[in-house]
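Colleague: Letter by letter, the chains look like this.
4 protein chains.
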Amino acid sequence: MSSSYGENIELTIFGQSHSSGIGMTLQGVPAGKEIDMEELAKFLARRAPGRNEYSTPRKEPDEPEFLSGIFNGKTCGTPITAIIRNKDRRSEDYSALKDLPRPGHADYTANIKYFGAQDYRGGGHFSGRLTAALCVAGGICKQLLAKEGIEVHARISSIGPIRDRGEFVESLEDKVFPVCDDEMGEKMREYIAERRAEGDSVGGTVECVILGAPAGLGDPIFDGMENRIANAVFGIPAVKGIEFGIGFAAADLCGSENNDGMYMEDGEIRTVTNHAGGILGGITNGMPVTFKVAFKPTPSITKAQRSVNLTTKEDEGLMIAGRHDPCIVPRAVPCVEAAAAIAVYDAFLARKREL
Amino acid sequence: MSSSYGENIELTIFGQSHSSGIGMTLQGVPAGKEIDMEELAKFLARRAPGRNEYSTPRKEPDEPEFLSGIFNGKTCGTPITAIIRNKDRRSEDYSALKDLPRPGHADYTANIKYFGAQDYRGGGHFSGRLTAALCVAGGICKQLLAKEGIEVHARISSIGPIRDRGEFVESLEDKVFPVCDDEMGEKMREYIAERRAEGDSVGGTVECVILGAPAGLGDPIFDGMENRIANAVFGIPAVKGIEFGIGFAAADLCGSENNDGMYMEDGEIRTVTNHAGGILGGITNGMPVTFKVAFKPTPSITKAQRSVNLTTKEDEGLMIAGRHDPCIVPRAVPCVEAAAAIAVYDAFLARKREL
Amino acid sequence: MSSSYGENIELTIFGQSHSSGIGMTLQGVPAGKEIDMEELAKFLARRAPGRNEYSTPRKEPDEPEFLSGIFNGKTCGTPITAIIRNKDRRSEDYSALKDLPRPGHADYTANIKYFGAQDYRGGGHFSGRLTAALCVAGGICKQLLAKEGIEVHARISSIGPIRDRGEFVESLEDKVFPVCDDEMGEKMREYIAERRAEGDSVGGTVECVILGAPAGLGDPIFDGMENRIANAVFGIPAVKGIEFGIGFAAADLCGSENNDGMYMEDGEIRTVTNHAGGILGGITNGMPVTFKVAFKPTPSITKAQRSVNLTTKEDEGLMIAGRHDPCIVPRAVPCVEAAAAIAVYDAFLARKREL
Amino acid sequence: MSSSYGENIELTIFGQSHSSGIGMTLQGVPAGKEIDMEELAKFLARRAPGRNEYSTPRKEPDEPEFLSGIFNGKTCGTPITAIIRNKDRRSEDYSALKDLPRPGHADYTANIKYFGAQDYRGGGHFSGRLTAALCVAGGICKQLLAKEGIEVHARISSIGPIRDRGEFVESLEDKVFPVCDDEMGEKMREYIAERRAEGDSVGGTVECVILGAPAGLGDPIFDGMENRIANAVFGIPAVKGIEFGIGFAAADLCGSENNDGMYMEDGEIRTVTNHAGGILGGITNGMPVTFKVAFKPTPSITKAQRSVNLTTKEDEGLMIAGRHDPCIVPRAVPCVEAAAAIAVYDAFLARKREL
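Chains as they are written, first to last, in the working numbering: chain S, 127 to 481; chain W, 127 to 481; chain A, 127 to 481; chain Z, 127 to 481.
Incorrect hints may have been included.
Heads up, the list lumps identical chains together, so a pair's fine if it works in one copy or across two of them.
[Stated by the list, open to error] As a list, the in silico DSS-like pairs of lysine-lysine whose alpha-carbon atoms are at most 25 Å apart:
hint: 1; residue 1: Lys-478; residue 2: Lys-273
hint: 2; residue 1: Lys-200; residue 2: Lys-273
hint: 3; residue 1: Lys-429; residue 2: Lys-273
hint: 4; residue 1: Lys-478; residue 2: Lys-313
hint: 5; residue 1: Lys-313; residue 2: Lys-273
hint: 6; residue 1: Lys-168; residue 2: Lys-478
hint: 7; residue 1: Lys-313; residue 2: Lys-213
hint: 8; residue 1: Lys-478; residue 2: Lys-159
hint: 9; residue 1: Lys-168; residue 2: Lys-273
hint: 10; residue 1: Lys-478; residue 2: Lys-200
hint: 11; residue 1: Lys-273; residue 2: Lys-224
hint: 12; residue 1: Lys-168; residue 2: Lys-213
hint: 13; residue 1: Lys-200; residue 2: Lys-213
hint: 14; residue 1: Lys-200; residue 2: Lys-429
hint: 15; residue 1: Lys-168; residue 2: Lys-439
hint: 16; residue 1: Lys-301; residue 2: Lys-313
hint: 17; residue 1: Lys-213; residue 2: Lys-478
hint: 18; residue 1: Lys-273; residue 2: Lys-213
hint: 19; residue 1: Lys-313; residue 2: Lys-429
hint: 20; residue 1: Lys-301; residue 2: Lys-213
hint: 21; residue 1: Lys-200; residue 2: Lys-159
hint: 22; residue 1: Lys-224; residue 2: Lys-200
These are computed hints drawn from the structure, not numbers from a lab.
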């Protein structure tokens with residue numbers, strides 16, 4: 127079902143940007159697992175808006191209230207539901223947009239799909255705000271994976287044309303702007319600030335690495351780790367591409383260049399390179415799982431744009447007011463971690479059936 | 127389930143490269159739909175091996191036998207099952223590989239996953255041969271979509287470092303080497319021949335365009351067209367990346383460059399550019415749906431490689447004999463069409479519930 | 127997934143009897159459908175506790191708050207979530223039962239399943255209270271079906287050994303005690319009162335009839351209407367059996383007695399009898415769909431019972447205090463309607479894909 | 127999907143009574159499990175037609191050919207597919223029935239559902255013949271469960287009005303007519319013979335008991351053992367009812383009579399009685415799981431019946447020729463075991479995720 131993900135766990139995300147609340151239900155988590163609420167709050171804070179110069183000033187505590195599924199600090203085995211209230215709603219900002227879809231947004235497609243009955247306020251169910259619910263589930267899955275020795279980390283790998291440098295091998299979660307090379311990070315921030323001053327926005331890429339995943343996760347054909355992760359990651363608004371290992375660059379290479387030779391080290395089978403991103407035939411091989419995600423620039427810009435009035439069916443110019451991130455990539459970093467953690471935890475549980 | 131795809135149709139793929147047969151079951155196709163078996167055979171021929179210099183000489187008629195689901199030339203509403211016998215099996219070629227996994231293949235990961243009980247002959251269930259079953263299902267879905275005015279076409283967009291030129295807007299299915307610019311196609315073929323002579327292999331990319339899809343297909347969050355198509359396309363072995371519209375290139379742009387402005391033409395809402403690849407918020411906007419897929423180079427090369435003996439747990443060199451495509455990209459073109467057609471037809475049926 | 131139901135809609139039920147709230151998410155309802163909140167409230171009132179002498183005095187307004195999915199009085203196409211707070215919680219009543227499972231309850235099985243981490247208060251997720259969430263979803267589906275001319279009605283067909291009389295052909299929803307023959311209803315009430323006075327409880331059966339369902343709903347083998355309805359109805363606690371049409375009585379008959387002869391009337395194919403309960407091969411034939419459900423007596427009784435202390439692993443007598451229905455059958459009537467409506471609406475949407 | 131079952135395994139059944147073959151695909155069985163083909167053949171023989179006086183003389187070897195999934199006598203982890211050819215087809219027997227639906231059969235409902243494109247020969251996909259595929263899957267699951275100490279047995283508990291006597295506690299699979307009391311069995315056979323001589327048919331019930339199932343199998347609400355088993359069992363044609371433990375009889379009792387008191391024995395928690403059929407809250411409690419299934423009499427009888435001509439839309443009498451079981455209950459016994467084994471094995475794998 128559309129707003130649900132998973133076979134062994136099932137995550138369901140509900141809510142609209144300006145409805146009375148959003149939230150998530152996560153089923154299938156085994157009973158008796160401790161959930162550290164403080165750690166979860168810290169994880170959610172990484173996604174929260176209003177923290178710095180390049181994110182929307184809309185301030186929401188975004189504190190989830192757990193209605194069920196956690197008892198005495200532990201999962202009790204039955205569905206975990208958390209809700210987040212939508213407090214800081216300025217719906218009137220959006221009423222002008224009801225008939226004038228924003229280019230690059232789901233406004234027009236939602237209107238067609240739902241025959242005009244869609245909740246058009248602030249993107250409705252398509253709003254980036256829904257990723258708060260994704261992060262509640264993802265934050266829980268990250269903790270569950272950590273108990274199994276599996277870590278999920280992401281970084282900003284590019285902002286617009288500016289690339290981060292260095293190899294990404296450990297958590298950068300303590301950085302407000304998580305890049306390996308802070309000098310490049312400074313350039314990225316300047317780039318965002320410049321575009322923002324022009325009323326424009328910026329895209330970028332996020333790289334994710336999963337450490338400690340045992341060989342044998344994932345399944346053939348349609349449940350390979352690539353399918354599973356892609357399926358979850360495309361659930362984040364603005365994602366337009368994903369590649370595993372060296373991805374598109376592999377298409378330019380010869381087999382002798384791309385194949386990852388194998389060798390023994392410390393009793394484990396390793397590969398000399400990791401072009402495959404830790405996945406062969408959809409199944410992990412014990413090397414780090416790596417992938418990169420492309421985010422388009424935030425479609426909400428204050429520059430003039432061409433739109434069409436859905437009532438009059440005539441061309442009409444559009445100037446977007448309201449509060450918007452000039453670049454959602456920094457806030458997308460924990461979202462990518464969340465999506466990856468959900469996908470990997472689902473595969474992890476799938477694997478337990480076979481053991 | 128791992129080897130199944132879809133919510134409104136369900137495709138299940140079964141078989142191993144060297145088992146007595148492979149096949150597919152396709153459920154959920156409404157009754158009374160005519161299936162043109164000759165057209166299907168033509169479609170399957172585009173994927174068949176042994177047709178030219180850059181594909182494996184293994185010759186298989188690959189003619190599906192339909193056991194059920196089609197009655198008097200029409201779908202009868204119940205599961206459609208087709209099987210393809212594996213006739214030209216030289217399993218002995220592979221017995222040497224039982225303990226020596228081929229780099230870049232699923233040999234090692236399958237061994238771990240299935241505790242040594244995997245069918246190691248020719249890649250087993252992970253073999254590219256299984257795409258014959260995918261193409262039977264995809265060929266049927268292509269026909270079903272065509273009845274609704276929706277066309278699915280793919281081309282080779284690059285081979286190694288060589289890019290096709292020109293805009294891809296119509297079917298190239300009559301070409302043995304489906305590129306827009308035949309001059310570039312000639313260079314690609316030469317490139318493949320050179321690498322092959324060296325015992326090496328070549329990767330490439332395939333571009334797909336879906337024409338005639340009405341606005342409103344796809345669903346929010348985890349059932350967007352990107353999720354659906356990615357989920358199906360990563361079911362093709364050797365795929366390592368997918369991007370929609372301009373994909374990764376969008377990450378480098380500003381919003382004012384990337385947003386597709388809207389206008390009216392002939393009573394329809396169109397966009398000036400189509401950077402979004404016809405999908406916004408996971409839902410089609412009526413513009414062509416476009417995406418590009420990265421294929422890694424065929425891992426089977428005759429050059430010496432590093433492997434590890436799974437029994438002795440010692441490093442061991444590997445020289446692969448046997449018959450292998452130096453480049454699977456040409457044969458992957460109909461596979462991408464098949465995967466896309468399956469995904470789009472599933473979304474098409476989902477949409478009917480809402481109307 | 128365990129607490130979810132459906133393929134074309136998906137209902138997810140969450141919460142525990144004594145957690146901060148319970149609720150439901152219903153996905154897949156097409157956009158633009160009006161939901162009459164007053165009618166829904168009336169439906170929910172039929173299930174609500176504390177209305178009469180044979181139900182628990184625990185009083186809960188049970189008013190659902192809709193967080194999402196309904197906009198301007200209509201479904202907006204995205205997930206509908208409603209929550210109900212658990213206000214009147216006397217958890218201390220249950221703490222004594224933590225180690226002493228109640229016979230006939232899920233206390234012991236939940237303890238084993240969840241390794242002692244289960245929410246033991248008031249039955250947790252297994253509580254009959256969760257049917258409030260089922261009824262929110264079912265009440266919505268009933269309204270959606272009514273728009274399509276399909277009605278779902280249930281009655282009490284027996285209480286303990288006392289059977290209702292008469293043929294059940296129309297809604298009895300206006301009756302507090304919904305039986306065809308009020309004289310029998312009076313005897314049933316007396317029977318409940320007597321058992322209650324003894325500290326005992328009573329079982330019964332509920333009959334359901336679905337009118338106006340077109341021929342062609344349901345699917346072969348595992349998605350027949352029997353499978354679908356049974357799957358939903360066994361989601362109601364205390365259900366131990368279900369039969370369609372004349373059900374178990376058919377097993378005693380000969381084919382010549384049981385077969386429903388066919389004839390034409392008013393341009394429609396009808397059957398002389400309806401022993402099949404309107405379903406053949408899992409698919410509706412246009413006659414009323416009928417089925418009957420067996421409810422065991424409420425396991426919570428004040429009489430002394432044998433239990434086992436889970437900590438000491440020794441036999442121990444049990445006396446249950448607290449507030450309990452002596453007979454849940456009257457309140458189960460709308461629950462059966464809800465389960466049936468959910469199942470039929472799911473099948474109804476499935477059918478739309480084929481048209 | 128309609129002809130598929132399961133979440134942790136997935137069984138897909140395909141084929142029509144008179145198509146070129148039928149079969150099944152079973153996914154999700156862990157790798158390395160030995161399958162005893164001789165034992166499977168013996169199990170299938172219990173369902174095979176043509177063995178005695180009360181079953182159809184249509185003779186089919188019904189020997190499955192395994193196309194995939196089993197390698198060197200063991201499951202190899204990927205989909206197991208077996209096909210059975212339809213050899214002894216006398217389709218002409220059925221052509222007369224194309225327009226004249228048989229009362230009690232799916233002929234009419236299939237015609238409506240599939241808009242006249244259904245495979246009407248011999249019941250098509252709705253034929254009892256499809257249970258051969260169910261039994262291939264079920265026979266495999268029975269073996270897999272036996273390795274875990276779980277046994278699944280069924281018996282004939284009644285034929286028409288004649289009930290078996292005695293308690294059912296062990297396998298009767300060596301009996302051609304599996305009842306506890308052979309004297310009653312003899313009466314049942316006579317009863318079948320008499321009805322058959324009259325051109326009539328007979329219904330009956332089958333009781334199933336599952337021994338050795340550990341406490342903790344099954345999940346709350348919609349994935350309880352009752353839901354799971356009912357969902358599988360209603361996949362057998364002619365089933366019209368199911369009850370767990372004492373089922374409908376419980377509805378007549380008081381709680382003090384029905385509740386199963388608990389006690390310790392040999393370090394295990396047991397219940398004094400087993401009215402609940404080993405299931406509380408949908409979850410096994412370690413006692414034997416018991417249920418009973420109602421089969422309607424075979425609808426194909428040679429007595430004159432009322433039907434409607436689908437072309438002329440006029441009433442028309444019907445006399446069925448051809449070969450039919452006067453009573454399918456004896457052959458249904460292994461089918462019930464198969465359905466139960468599939469359901470329990472799926473729940474068994476689900477449980478492994480939680481451990």
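Colleague: Now, for every hint given, state plainly whether the structure supports it.
Modeller: Consistency of the hints with the structure:
For the homomeric pair Lys-478 and Lys-273, the shortest alpha-carbon distances inside one copy (15 Å) and between copies (18 Å) are both at most 25 Å. Taking the shortest alpha-carbon separations for Lys-200 and Lys-273, only the intra-copy value of 14 Å comes in at or below 25 Å, while the best inter-copy value is 34 Å. Taking CA atoms no more than 25 Å apart as the test, Lys-429 paired with Lys-273 passes in neither setting, with 48 Å inside one copy and 42 Å between copies. Within a single copy, Lys-478 and Lys-313 get their C-alpha atoms no closer than 45 Å, and across copies no closer than 49 Å, so neither meets the 25 Å cut-off.
For a Cα distance limit of 25 Å, the shortest separation of Lys-313 from Lys-273 qualifies neither inside one copy, at 37 Å, nor across copies, at 53 Å. In this homomeric assembly, Lys-168 and Lys-478 never come within 25 Å of each other (Cα to Cα): the closest approach is 30 Å inside a single copy and 32 Å across copies. Taking CA atoms no more than 25 Å apart as the test, Lys-313 paired with Lys-213 passes in neither setting, with 35 Å inside one copy and 54 Å between copies. Within a single copy, Lys-478 and Lys-159 get their C-alpha atoms as close as 16 Å, and across copies as close as 16 Å, so both meet the 25 Å cut-off.
Proximity of Lys-168 to Lys-273 under the C-alpha cut-off of 25 Å is restricted to the intra-copy arrangement: shortest distance 18 Å within a copy versus 47 Å between copies. With identical chains, the CA atoms of Lys-478 and Lys-200 are at most 25 Å apart both within one copy (21 Å) and between copies (20 Å). Proximity of Lys-273 and Lys-224 under a CA criterion of 25 Å is satisfied in neither setting, with 47 Å inside one chain copy and 28 Å between copies. With identical chains, the CA atoms of Lys-168 and Lys-213 are at most 25 Å apart within one copy only, with a shortest distance of 20 Å there and 30 Å across copies.
When the C-alpha separation of Lys-200 and Lys-213 is checked against a cutoff of 25 Å, the pair qualifies only between copies, where the shortest distance is 22 Å, while the shortest distance within a copy is 28 Å. When the C-alpha separation of Lys-200 and Lys-429 is checked against a cutoff of 25 Å, the pair qualifies neither within a copy, at 49 Å, nor between copies, at 34 Å. For the homomeric pair Lys-168 and Lys-439, neither the shortest alpha-carbon distance inside one copy (47 Å) nor that between copies (42 Å) is at most 25 Å. With identical chains, the CA atoms of Lys-301 and Lys-313 are at most 25 Å apart within one copy only, with a shortest distance of 15 Å there and 48 Å across copies.
In this assembly of identical chains, Lys-213 and Lys-478 lie within 25 Å of each other by CA distance neither inside one copy nor across copies; the values are 41 Å within and 36 Å between. Taking the shortest alpha-carbon separations for Lys-273 and Lys-213, neither the intra-copy value of 34 Å nor the inter-copy value of 35 Å comes in at or below 25 Å. In this assembly of identical chains, the alpha carbons of Lys-313 and Lys-429 lie at most 25 Å apart only when taken from the same copy (23 Å versus 44 Å across copies). Taking the closest pair of Cα atoms, Lys-301 and Lys-213 never come within 25 Å of each other, the shortest separation being 28 Å inside a single copy and 42 Å across copies.
In the homo-oligomer, the alpha carbons of Lys-200 and Lys-159 lie at most 25 Å apart inside one protomer (5 Å), although the nearest pairing across protomers, at 35 Å, exceeds that limit. For the homomeric pair Lys-224 and Lys-200, the shortest alpha-carbon distance between copies (16 Å) is at most 25 Å, but the shortest distance inside one copy (44 Å) is not.
In this structure, the hints that do not hold are numbers 3, 4, 5, 6, 7, 11, 14, 15, 17, 18, 20, in rising order.
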